[in-house]
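Peer 1: Now for the letters of each chain:
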Amino acid sequence: LAKTTQPISMDSYEGQEVNITCSHNNIATNDYITWYQQFPSQGPRFIIQGYKTKVTNEVASLFIPADRKSSTLSLPRVSLSDTAVYYCLVGDIAMDSSYKLIFGSGTRLLVRP
Amino acid sequence: GAVVSQHPSRVICKSGTSVKIECRSLDFQATTMFWYRQFPKKSLMLMATSNEGSKATYEQGVEKDKFLINHASLTLSTLTVTSAHPEDSSFYICSAYAGTSGRGSTQYFGPGTRLTVL
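Chains as they are written, first to last, in the working numbering: chain A, 8 to 120; chain B, 2 to 119.
The set of hints was computed from the structure by calculation and includes no laboratory data.
Any given hint might turn out to be false.
Stated by the list, open to error - Listed next, with one range per pair, are the computed distances between beta-carbon atoms:
#, chain 1, residue 1, chain 2, residue 2, range
1, B, D28, A, V66, 19 to 27 Å
2, A, P120, B, Q61, 43 to 51 Å
3, B, G17, A, A73, 53 to 61 Å
4, B, G54, A, N33, 12 to 20 Å
5, A, E24, B, K15, 44 to 52 Å
6, B, Q61, A, Y58, 43 to 51 Å
7, B, T83, A, S88, 32 to 40 Å
To be verified - Mimicking DSS-like on lysine-lysine, the simulated pairs with C-alpha atoms at most 27 Å apart in a straight line are:
#, chain 1, residue 1, chain 2, residue 2
8, A, K107, B, K65
9, B, K21, B, K43
10, B, K15, A, K107
11, B, K65, B, K43
12, A, K10, A, K107
13, A, K59, B, K65
14, A, K76, A, K59
15, A, K61, B, K67
16, A, K10, B, K21
17, A, K76, B, K43
18, B, K42, B, K56
Said to hold, decoys possible - Covered by chain A, per the in silico footprint, the following chain B stretches (three or more residues, Cβ under 8 Å):
#, stretch
19, 46 to 54
20, 107 to 115
Don't be surprised by glycine CBs; every beta carbon is placed ideally from N, CA and C.
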């Protein structure tokens, strides 16, 4: 299972774009990159998933370079309610192994007024 | 879509009692469910992988006799904390997965269960 490395914490202000980068040097060919958001005392919430290049949905964009050894979650125009912990995970199911996610320490994002 | 529920959301029990936590996938069938625990200000720690109709696979260091997992159907998995003690107090979170081998897929998480053992 590929290990991920993220900044422990980040600060931002309302209305700014926030980019959180995750390193996953040992990512395997079949691995996908998934980001989750977690608020205190709640389960993680799926944000976005991608394999390569760029993926965009209604809440975020995910940029993945060609070598896939890192990825960047981009949150446009953050608000106070985006204050949370963000987890980057890599993994995929294979025919002969179970699909499981190993959470790293995550990035604590604090959005200030 | 892809909603996972947990029940109860919080439970307080006396030391020595057993507590059962239910995890349900409400709008999809989950071939695999996972159980995590999380201590305050810490990351999620995977406890076990539960496949419908078979025995759960526990992560290293997790006592299978302490944390009994049953995955009786494609929409329900239960975690029973047996003979609970104060050190078992934690936030327990389940996730459900329904995907096809070889493709990117997603785990959907429940809202968590706060267990407090007195």
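Peer 1: A separate judgement is required for each hint: does it hold in the structure or not?
Peer 2: Cross-check of the supplied hints:
{"no.": "1", "hint": "B:D28 - A:V66: 19 to 27 Å", "verdict": "holds, 20 Å"}
{"no.": "2", "hint": "A:P120 - B:Q61: 43 to 51 Å", "verdict": "holds, 44 Å"}
{"no.": "3", "hint": "B:G17 - A:A73: 53 to 61 Å", "verdict": "holds, 57 Å"}
{"no.": "4", "hint": "B:G54 - A:N33: 12 to 20 Å", "verdict": "violated, 33 Å"}
{"no.": "5", "hint": "A:E24 - B:K15: 44 to 52 Å", "verdict": "holds, 50 Å"}
{"no.": "6", "hint": "B:Q61 - A:Y58: 43 to 51 Å", "verdict": "violated, 30 Å"}
{"no.": "7", "hint": "B:T83 - A:S88: 32 to 40 Å", "verdict": "holds, 39 Å"}
{"no.": "8", "hint": "A:K107 - B:K65", "verdict": "holds, 18 Å"}
{"no.": "9", "hint": "B:K21 - B:K43", "verdict": "holds, 23 Å"}
{"no.": "10", "hint": "B:K15 - A:K107", "verdict": "violated, 32 Å"}
{"no.": "11", "hint": "B:K65 - B:K43", "verdict": "holds, 23 Å"}
{"no.": "12", "hint": "A:K10 - A:K107", "verdict": "holds, 13 Å"}
{"no.": "13", "hint": "A:K59 - B:K65", "verdict": "violated, 38 Å"}
{"no.": "14", "hint": "A:K76 - A:K59", "verdict": "holds, 10 Å"}
{"no.": "15", "hint": "A:K61 - B:K67", "verdict": "violated, 44 Å"}
{"no.": "16", "hint": "A:K10 - B:K21", "verdict": "violated, 32 Å"}
{"no.": "17", "hint": "A:K76 - B:K43", "verdict": "holds, 25 Å"}
{"no.": "18", "hint": "B:K42 - B:K56", "verdict": "violated, 31 Å"}
{"no.": "19", "hint": "46 to 54", "verdict": "holds (count 4)"}
{"no.": "20", "hint": "107 to 115", "verdict": "holds (count 8)"}
In this structure, the earlier hints numbered 4, 6, 10, 13, 15, 16 and 18 are contradicted, and the remaining ones agree with it.
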